[in-house]
Amino acid sequence: MPAQSNSRPSSRHITTSPSDSGDSKTVLHADDVARVLDRIAHQILEKTRGGADVVLLGIPTRGAYLADRLAARIRAFGSVEVGLGMLDVTLHRDDLRTQGVRPLGKTVEPVGGIDGKLVILVDDVLFSGRTVRAALDALNDLGRPRSVQLAVLVDRGHRELPIRADYVGKNLPTAREEQVKVSLSEIDDEDSVYIATKSEPRSESGQPE
Amino acid sequence: MSRNLLSAADLSAAEAQTILDSAEQMYAIQSRQVKKLPTLRGRTVVNLFFEDSTRTRSSFEIAGKWLSADVINISAKGSSVSKGESLRDTALTVAAMGVDALVVRHATSGAVQRITEWVDCSVVNAGDGTHEHPTQALLDAFSLRRRIGDLAGRHVVIVGDLTHSRVARSNVLLLHTLGADVTLVAPPTLMPAGVASWNCATSWDLDATLSGEVNGAVDAVMMLRVQRERMSGGYFPTEREYAISYGLNPRRLKLLPKDASILHPGPMNRGLEISSAAADGDRSIVLDQVKSGVAVRMSVLYHLLAGVDQPAPALEEVSP
Numbered sequence: 506m507p508a509q510s511n512s513r514p515s516s517r518h519i520t521t522s523p524s525d526s527g528d529s530k531t532v533l534h535a536d537d538v539a540r541v542l543d544r545i546a547h548q549i550l551e552k553t554r555g556g557a558d559v560v561l562l563g564i565p566t567r568g569a570y571l572a573d574r575l576a577a578r579i580r581a582f583g584s585v586e587v588g589l590g591m592l593d594v595t596l597h598r599d600d601l602r603t604q605g606v607r608p609l610g611k612t613v614e615p616v617g618g619i620d621g622k623l624v625i626l627v628d629d630v631l632f633s634g635r636t637v638r639a640a641l642d643a644l645n646d647l648g649r650p651r652s653v654q655l656a657v658l659v660d661r662g663h664r665e666l667p668i669r670a671d672y673v674g675k676n677l678p679t680a681r682e683e684q685v686k687v688s689l690s691e692i693d694d695e696d697s698v699y700i701a702t703k704s705e706p707r708s709e710s711g712q713p714e
Numbered sequence: 311m312s313r314n315l316l317s318a319a320d321l322s323a324a325e326a327q328t329i330l331d332s333a334e335q336m337y338a339i340q341s342r343q344v345k346k347l348p349t350l351r352g353r354t355v356v357n358l359f360f361e362d363s364t365r366t367r368s369s370f371e372i373a374g375k376w377l378s379a380d381v382i383n384i385s386a387k388g389s390s391v392s393k394g395e396s397l398r399d400t401a402l403t404v405a406a407m408g409v410d411a412l413v414v415r416h417a418t419s420g421a422v423q424r425i426t427e428w429v430d431c432s433v434v435n436a437g438d439g440t441h442e443h444p445t446q447a448l449l450d451a452f453s454l455r456r457r458i459g460d461l462a463g464r465h466v467v468i469v470g471d472l473t474h475s476r477v478a479r480s481n482v483l484l485l486h487t488l489g490a491d492v493t494l495v496a497p498p499t500l501m502p503a504g505v506a507s508w509n510c511a512t513s514w515d516l517d518a519t520l521s522g523e524v525n526g527a528v529d530a531v532m533m534l535r536v537q538r539e540r541m542s543g544g545y546f547p548t549e550r551e552y553a554i555s556y557g558l559n560p561r562r563l564k565l566l567p568k569d570a571s572i573l574h575p576g577p578m579n580r581g582l583e584i585s586s587a588a589a590d591g592d593r594s595i596v597l598d599q600v601k602s603g604v605a606v607r608m609s610v611l612y613h614l615l616a617g618v619d620q621p622a623p624a625l626e627e628v629s630p
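Going line by line, the protein sequences match chains Z and E. The first sequence begins at 506 in this note's numbering and counts up by one. The second sequence begins at 311 in this note's numbering and counts up by one.
Keep in mind the hints are simulated off the structure, nothing from the lab. We put the CB at the ideal spot given by N, CA and C, even for glycine. Treat the hints with care, as some may be off.
Reference listing, derived: stretches of chain Z covered by chain E, where coverage requires no fewer than 3 residues with Cβ under 8 Å from a Cβ of chain E [what the hints assert, rightly or not]: (1) 542 to 549; (2) 584 to 597; (3) 638 to 647.
In silico EDC-like links for lysine to aspartate or glutamate, alpha-carbon gap of 16 Å or less [unchecked claim]: (4) E:LYS346 <-> Z:ASP642; (5) E:LYS345 <-> Z:GLU665; (6) E:LYS601 <-> E:GLU334.
Distance windows between CB atoms, simulated [as the list claims (entries may be wrong)]: (7) Z:GLU665 <-> E:SER378: 21 to 27 Å; (8) E:PRO567 <-> Z:GLU682: 32 to 38 Å; (9) Z:ASP671 <-> E:ALA462: 41 to 47 Å.
Next comes chain E alone, as it looks inside the complex:
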């Protein structure tokens, strides 16, 4: 595996499976009484967040701490960034302190990639603009795999604000790598430009997709948050109309197969893209996604950092 995790496309199928398999072991550790492993003792991880985040930042922090790394949080507010320091200077300043990994979130697509050109340590993309969020895709795949088993040949539907969603892009890349079929559903105004070149099907009709008329029976549906903060208006007439056409409301829930899973990367706008009946029902794995976030990030930090003194050997298949 390379030193950085910038895109879900960086991972081969074998590497992705290895990370998910290791996360399985980390997940088991989460339910132990003593949740502390010595593996990353002496390593320092800095969470460099130029954008707000609760679950990603805290789960990276918990993941690092449970593996005994020292974790420091730096957010744009209250740091020199608010005094006008450039991205490059901030990254170099933090890296100069001798950290082993930077976990970066930034509002601009490609900002994290840019940082890797300036610093020597490992860099993990925790979300850059509307580009990618690879650990979210990993945890979605992990959570889903726990619920429905191997994802090869399964059909995942991703619904919502695809234009502004880094989660959707990373998920399409990773799910394709893992052999799953993906259908993207959104109103035409929220369908990303160039989606035809992605490895997935697309549809504007959520009802038809959920009933299996578009791309076959549905194994899981992922509802994306309508990102009000990225909306400069004009994508859809009203929130009410969006909820009626693309929200997972109780009526639509009946179209979804009984054994299908419902995912949401959070935070949820209840009543807009997802109804409480869907979010809190048996088929929802929203809370498991949060729990999986820590396990998956432990696994990512382990694979990136535990052996960095020399290039990691080729990954082998995990024996039982």
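Here chain Z stands alone, though its shape is the one from the complex:
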């Protein structure tokens, strides 16, 4: 389980990223990411009437860190402890045959399970919607939630399935060939969201192109 990071770099002078190929544009800086997560945490508290029965399920890799941070904020803002887990969807993906096998992420069932709970799936980028579809299938194997919602840091459009997010950090109109990258300080150098035009080897930002 990733640890909640206390460091929140506030530098506004982020011009390059580790995987920056020189052709990228930063959309959210570290303090923007922090504010966006603050807002989503408040919205979850508001929309779920104080966070009762809420279980956050992060989709590895970066969704899991985001779920961690949201849980910490909800604890701070609403003095309520929400359930927290991780849901790896790799085995339910429909693109393994075309994109190839990938290592499995971790699935951690929240304490108390998900039966009858309000499950909020947390991911970094919402793109085609195929990851979320896989997550909905994977949820079936864990139990039967009362209802399922979706929180994402960035919604970049180009949906291929009838799926929408309930909580969106930032709506980001993009061209299909662009790539949206999310860096989080837990595993990357800093918090940021940026658009890369060139295709880069690391494509952790959710869906296949």
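Given chain Z, put chain E in place with the hints provided.
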């Protein structure tokens, strides 16, 4: 990872770790109420067993089925093999039906390798003669890793009928890849020829090895089955003498460190190579090995089959 799994030596350290890490997730699925994943839907796996097996065959079957592959069992008895069909014809016939993977066990070393030259589908070695049994080595490593953590720098002792053991050979290869130190212990007659070229130490003295006098403190000891069916006699005077010199009996159990694990690939000859006190004690992970067998084979089938439409990309380190 390549299309086939023939030898434990085929796996790099990173690939082996990836298979073990994925198996960790599969292991968790085993304790769920619904043990079914859609990952290999539409794939067909054929278990082609020319030699008897209970746990390997059934765990491959369960592993395939839990991943939604269609699994068919063919054993030599009751098939055209008993009518005199050649290995090549049998393999080609089965492969011609459009299967995605053959899981093969054969009494002849190298038979599985030979099959890969004839067929286009993935081939998994489920034991060939006295050569290799890579999935057994993977599950041993997995089980042991669950008990004692990372295997790098740990000391594993493998005892028994090494000449006839494919398990020993695969284990030495894999444990070396994973960074563990291995000591093989057997009477001189059961020490394989050419063992000097293996990446391991050897000893004839089990008592000294278990007390840590040969190659340092022992983290795990793996007792191998005395394979009566492969014994043409003359390897040791009597079973009683073998049990006294090389069996893990209650006296010897006291020499073994308190936190060391005891493994056995099964089936066990109780009273011969392992005593009930050792097999059923706290330090034994024999039953966990069986449970791990399914998880590890799920992981192997996943990595070999789930993405075969195009060559698998280079394996990356698993992020948490």
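Verification of the hints:
Here's how the region 542 to 549 of chain Z fares: 0 of its residues keep a CB closer than 8 Å to some CB of chain E, so the rule of at least three is not met and the hint is violated. Coverage of the region 584 to 597 of chain Z by chain E holds. Counting CB-CB distances below 8 Å, 3 residues qualify, and the rule asks for three or more. Residues of the region 638 to 647 of chain Z with a Cβ under 8 Å from some Cβ of chain E number 4, which satisfies the need for three, so the listed coverage holds. Taking the CA atoms of LYS346 of chain E and ASP642 of chain Z, the gap is near 11 Å; set against the 16 Å cutoff, the hint holds.
The straight-line distance between the Cα atoms of LYS345 of chain E and GLU665 of chain Z is roughly 29 Å, outside the 16 Å bound, and the hint therefore fails. With a C-alpha separation of about 12 Å, the suggested pair LYS601 of chain E and GLU334 of chain E falls inside the 16 Å cut-off, and the hint holds. Look at GLU665 of chain Z against SER378 of chain E: about 23 Å separates their beta carbons, and that is inside 21 to 27 Å. Distance hint check: the CB atoms of PRO567 of chain E and GLU682 of chain Z are about 59 Å apart, inconsistent with the given range 32 to 38 Å.
About 45 Å separates the C-beta atoms of ASP671 of chain Z and ALA462 of chain E, a value consistent with the hinted range of 41 to 47 Å.
Going down the numbered hints, you'll see the structure goes against 1, 5 and 8, while the others check out.
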